[in-house]
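> The primary structure of each chain is shown beneath.
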Amino acid sequence: MAKRRFRWLLAGSAVAVLAVTAALAATAYGGSKANNKIVVDGTTGTVVNIDPANEYDYDSFTVDLPIFQGLYGFPSGAKLAPVLATGCSHTKNLKTWTCHLRHGVKFSNGDSMTSADVKYSFDRVQAIKGDQGIWTLLTYLKSTTVSGPYTVVFHLTAPDSVWPYILSTNAGFVVDKNTFPADKILANTDTAHMIGTGPYALTKFTAGQQVVLTPNTHYWGAKPKNGGVIIDYYSKSSTMKLDLQQGHIDMAFQTFTPTEISSLKKTKGVKVHSAPGVNIRYLVFNVTRPPFNNINVRRAIAYLMPRQAIAGRVWHHTVKPLYSMVPAGLPGHTNAYKTLYGAKPNLAKAKAAMKAAKVKKPFPITLWYTPSHYGDVSADEYIEIQRALNASKLFKVTLKSAEWAQYSSALGKVYGAFQLGWFPDYPDADDYTVSFYQPKSFYNNGYANGKMNKLIAKERSSTGTKRIKYLHAMQALAAKTLPTIPYWQGDMIAAGRSNVSGIPSTLDATYYMRFWLISKS
Amino acid sequence: MIRSRLVTGTSLRTYLITRIALVVPMVFILLTLVFLLMRVAPGNPIEAALGGHVPPSVIKQIEHRQGLDKPLIVQYGDYLWGILRGNFGTTITDNRPLSQIITQNGAATLELTFFAMLVAIAVGVVVGLVAGRFRDTSLDVFGRLFGIVIYAMPVFFIGLLAQLTFGVWLGWLPISDQASPLTQALLQTHTNVYFIDAIWDRNWAALWDVTRHLILPAMTLGLVTAGVFIRLIRINVIRTLRDDYIEAARARGIVERRVVYNHAFKNALVPVITVIGLNFALLLGGAVLTEETFNWPGIGHELVLYLGNRDYTAVQGIIVVFALVVVAVSLLVDFLNAFVDPRIRY
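Taken in sequence, the protein lines are chains A and B. Take 1 as the starting number for the first sequence in the numbering used here and just add one per residue. Take 1 as the starting number for the second sequence in the numbering used here and just add one per residue.
Since the hints were derived computationally from the structure, they do not count as laboratory data. Hints may be right or wrong, so weigh each one.
Unchecked claim - Just a sample of chain B residues kept apart from chain A, beta carbon distances all over 12 Å, derived:
{"no.": "1", "residue": "Y79"}
{"no.": "2", "residue": "G86"}
{"no.": "3", "residue": "V325"}
Said to hold, decoys possible - Which residues of chain B face chain A? A partial, calculated answer using Cβ under 7 Å:
{"no.": "4", "residue": "G43"}
{"no.": "5", "residue": "L50"}
{"no.": "6", "residue": "V54"}
{"no.": "7", "residue": "P55"}
{"no.": "8", "residue": "R96"}
{"no.": "9", "residue": "D136"}
{"no.": "10", "residue": "P181"}
{"no.": "11", "residue": "A185"}
Predicted, not measured: the structure shown is a model, and the values here were computed from it. Idealized CB from N, CA, C, for every residue including glycine.
Given the sequences, and given the hints that come with them, work out the whole structure.
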């Protein structure tokens, strides 16, 4: 009897201990007012380097953006504006740019920012030449000099009309010269030295797991609308979606599948926000090797590209058909491919192009794509293209795929026609034209066009409407010569719990996640 | 008798030395295989990281700086020399010291596998003993069926079912991560094993949170391993219950309960030591999938990431760590067996 009573006593005590622990847990992590204002964001991205001198990928940039700032940037909307500078002027030949700095700017550790820090930051990127390749954006920079504590002069080797845009990239982010080493990359975990002028300071970094950002008490601009940000990293978007639905995270940005987005739209307590973005997908041709060295074969494919079917059936309208390498919404965009090949597939014109190509029908071709780097949907996307081309009876398409590590080393060196995606270094039409149409471009497709080279040189050495005119001409020429066929432009999509506000204010063509505009009630 | 003990002692020492000596060629072969397999696979880490946006000339320049254009034999020599000095290097794609991955992510895997092993032993022993003791009853049928089903089911499938049932439908438990974001952000890490860190800081709220996060992944991984234990223990119990000494105990009039609990069960559990060791490798393999399913930041989770990026240094380092752990556990099990069973000698 006594033994039984003892057992009951033991069980009762265990239950009591559990209840007390649960209550403690609830008060410790749910009760603090400051903690309630912290926004927890989920992402499937991966941080490579936080140090701006070696950061050249979107996921790392999303972490850098709240910590560091450049002389120029996109503080609100897709319009380039001075940030740490009050403005920059240039010589007539666009080879010397003089920038005047904002006074009273402090780093998150309280150090004042001067022209010496700016020069140090640029010299550092060029000296380190980090493995991620961000220094390639400063190829035209010959030297940086200072003139007093608040004036910096950039001396370029060639005219560069987009220099202010380069200043907005992380190649131009200003770091504290007292904390960053001059000749090596700072480790992501070295939060004590990862000092910038942005609205937040990095307080914790756990690789593959979490980034913790706390408001910068020395920030010169408007205070963030939240009490801090925690970015939580996921290996699978399905888990992230469940966590958002369960309320374990407040918002998620990058990257859900189209079906997950459709499911989230139906979830009570979750809002899906979207705005036109600048992420694009396109098909590249090696224009020097058969069969795609035949311009008429490329034209026939351009006439048959099923943009509407891809956007609707595959992407559930989370992307829009694209008719230029420059996405709609950026200054200088034209619908060049629509003008030449029409808005929708045109079988009659495709047949005419194939007749001119003088090849047997159905003509066997191979299209390559990579199955996971751009998301699982890539396979569906290419099945849709295959279906459209085969249905025309003009082509017999074979699809092949390779994982990114193998795919990225092959591209135009091995493949005749292949899928690629592009996220810009800076949101300007220049980045969507020069990168693809200059000789010896990164994808090795053999495209070299004298007329195009002249247009690039002219665009780089002119400003204003004249520059826009050259950008239009480049897009028209590209549509005619077809080194690539663009087919969609992605929306910028973020989902948040209904108590999270401010997400729509950061969704624009820059694709910047400005965490400081987001609040939680 | 004294002579016999001396002989046994000498042969035991020889056995231990031989086992340790065999580890060296084993690890060497493994290092070489991993090195070669990574190089045979097409693509390299620099192209995987930069192939989408910088010109080929820049890629070549960076490959040269990283020494990836050196002859394979030179790279192999550098690699072995580094390992010999205990320097596993720094990952190519994100400049992370391997030592950090081992201590940080390795600790998360250790936490998961330890609790999974507890679950496996608890479930395996209880169900196995009951099934063996009550042979051919409905309890036995249930135990056998349970053992086969959980062993046959892929670990990620059990994980998904657990996530849906306990996380989504019932809403009882969190479905991802080692702790909730806020706990993770605020918890001071001493050992990187959050369970210990929370106790270290006497942070009971964090301990509760960490425990809740542990339940589903540890149960998932543990159950798969329990399937093996159930079948093994059941067979052992059945065999032991037929042994002569059990018959003798019964003949001496010892109560059946004492015969079963004090004699049969204890002896039936001895072979489990070996199986625990053998299953450790299985557990680590399962941990990779469990970590992916539950977004658990373990070393397997990192391995998948670095494999995709062809990060030679990271993959080589992580696999060597995996191998060394398996070798160490196997060695320990062999030693234990050799001590327990004098018949085991080379």
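> Please go over all the hints and tell whether each is borne out by the structure.
These are the hints, each one checked on the structure:
Every beta carbon of chain A lies more than 12 Å from that of B/Y79, the smallest distance being close to 19 Å; the non-interface claim holds. No Cβ of chain A comes within 12 Å of the Cβ of B/G86; the nearest lies about 20 Å off, and the non-interface call holds. With a least beta-carbon separation of about 20 Å from chain A, B/V325 lies farther than 12 Å from that chain, consistent with its non-interface assignment. For B/G43, the interface hint holds, since its Cβ comes within 7 Å of a Cβ in chain A; the closest pair sits about 3 Å apart.
Interface restraint check for B/L50: the shortest CB-CB distance to chain A comes to about 5 Å, inside 7 Å, so the restraint holds. Annotation: interface hint on B/V54 holds; nearest CB of chain A at approximately 4 Å, less than 7 Å. Proximity of B/P55 to chain A holds as hinted, the smallest CB-CB distance being about 5 Å (cut-off 7 Å). For B/R96, the interface hint holds, since its Cβ comes within 7 Å of a Cβ in chain A; the closest pair sits about 6 Å apart.
Hint status for B/D136 relative to chain A: violated, with the closest Cβ pair at about 32 Å, above 7 Å. At a threshold of 7 Å, the smallest CB-CB gap from B/P181 to chain A is about 5 Å, leaving the interface hint in force. Using the Cβ-Cβ criterion of 7 Å, the hint placing B/A185 at the interface with chain A is satisfied: the shortest such distance is roughly 5 Å.
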